[in-house]
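**Student:** With the sequences and hints as input, model every part of the structure.
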Amino acid sequence: KQEVTQIPAALSVPEGENLVLNCSFTDSAIYNLQWFRQDPGKGLTSLLLIQSSQREQTSGRLNASLDKSSGRSTLYIAASQPGDSATYLCAVRTSGTYKYIFGTGTRLKVLA
Amino acid sequence: DTEVTQTPKHLVMGMTNKKSLKCEQHMGHRAMYWYKQKAKKPPELMFVYSYEKLSINESVPSRFSPECPNSSLLNLHLHALQPEDSALYLCASSIRQGAYEQYFGPGTRLTVT
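Sequence lines, in order, name chains A and B.
This note's numbering applies: residue 1 is where the first sequence begins, and numbers increase by one.
This note's numbering applies: residue 1 is where the second sequence begins, and numbers increase by one.
Simulated from the structure, these hints should not be mistaken for lab results.
Here the structure is a predicted model, which means the values were calculated and not measured.
Glycine included, each C-beta is placed from N, C-alpha and C at the ideal position.
The reader is advised that the hints may include incorrect statements.
What the hints assert, rightly or not - Ranges between beta-carbon positions, derived for each pair: (1) B:S20 <-> A:L11: 31 to 41 Å; (2) B:N17 <-> A:D39: 21 to 31 Å; (3) A:P8 <-> B:V12: 14 to 24 Å; (4) B:P61 <-> A:G96: 25 to 35 Å; (5) A:E15 <-> B:L73: 41 to 51 Å.
As the list claims (entries may be wrong) - So the derived list for chain B, only partly shown, Cβ under 7 Å to chain A, looks like this: (6) P42; (7) P43; (8) M46; (9) L90; (10) G105; (11) P106.
**Tutor:** Below, the structure written as C-alpha cells:
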C-alpha cells in the first residue's frame with residue numbers, strides 16, 4: 001500500500017530565502033507525481049506534474065525533482081515571497097491504480 | 001480556460017435535508033473526480049467518472065450520490081448526512097482517467113448541523 005510522507009509538517013522562513021520541501025513515497029512503481037499548493041479553505045492549485053520517466057520539471061521559481069529509486073521528490077522554491085505562504089501537497093499515482101495518494105502537506109510561511 | 005467551478009461556495013444543511021453540489025468544467029476533460037477534505041488533512045478520493053460513467057467508488061456511504069449528466073457537469077447529491085460529513089468537498093478533472101494532470105475547483109465548504 002502506497003504511503004506518502006511530507007517533512008517538515010510546517011516551515012517558516014524569511015523572505016528571499018531558497019527552500020526545499022520534501023515528499024517521500026514507499027512504492028517506487030509510480031505513474032507520476034504532482035505538486036499542489038492550497039491556500040486556507042481553498043481548492044488545490046496544480047504547480048508541477050512529473051511523469052515517471054522524467055527527473056525534473058521547472059516552472060518559474062519552482063523546480064521539482066523526482067528520484068523514483070529512492071522514493072523521493074523535492075520541490076525547490078527560489079527567492080521565496082510572502083505570497084508563497086500556503087500548504088504544499090504532493091500526490092502520487094501508483095502504477096496499476098487510478099488513484100492519487102496525497103501526502104499530509106507542508107505548511108509554509110514566508111515572513112516579510 | 002483551465003478552470004473548474006463549484007457551487008455553492010458554502011452550504012449549511014440539517015441532517016434531514018437534501019442538497020446538491022455542482023461542479024463544471026469546459027476544458028473538454030473526460031474524467032471528473034469528487035474528493036473530501038477534512039481540516040488539516042489531505043484530500044481523500046470519493047468518486048471518479050470516466051466518459052460520464054462511474055468508474056471508481058471508494059466505498060462511500062450511499063447518503064452521497066454522484067451524477068454526471070454530461071461531459072462538463074458533475075453533481076454530488078446529499079441526503080441524510082451526519083455532522084461528521086462536514087468538510088471541504090473538492091471537484092477535479094483531467095483529460096482522461098489515468099496519469100494526467102488534475103485540475104481542482106475551489107471547493108464547497110459543507111457544514112452539517
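**Student:** Each hint needs a verdict: does it hold in this structure or not?
**Tutor:** How the hints compare with the structure:
1. Checked against the given bound of 31 to 41 Å, the beta carbons of S20 of chain B and L11 of chain A, roughly 39 Å apart, stay inside it.
2. Judged by the Cβ atoms, the range 21 to 31 Å given for N17 of chain B and D39 of chain A holds: they are separated by roughly 29 Å.
3. About 35 Å separates the C-beta atoms of P8 of chain A and V12 of chain B, a value inconsistent with the hinted range of 14 to 24 Å.
4. Between P61 of chain B and G96 of chain A the Cβ separation comes to about 26 Å, which falls inside the hinted range of 25 to 35 Å.
5. For the pair E15 of chain A and L73 of chain B, the beta carbons lie near 42 Å from each other, so the given range of 41 to 51 Å is met.
6. At its closest, the beta carbon of P42 of chain B sits 3 Å from a beta carbon of chain A; the interface hint therefore holds under the 7 Å criterion.
7. Below 7 Å, beta-carbon pairs count as interface contacts, and P43 of chain B has one with chain A at about 6 Å; its hint therefore holds.
8. Restraint check, M46 of chain B versus chain A: the minimum CB separation of about 11 Å is more than 7 Å; hint violated.
9. Restraint check, L90 of chain B versus chain A: the minimum CB separation of about 6 Å is within 7 Å; hint holds.
10. The interface hint given for G105 of chain B is met, as the beta carbon of that residue sits about 5 Å from the closest beta carbon of chain A, less than 7 Å.
11. The beta carbon of P106 of chain B comes within 4 Å of a beta carbon in chain A, closer than 7 Å, and the hint placing it at the interface holds.
Hint check: violations occur at hints 3 and 8; the rest are consistent with the structure.
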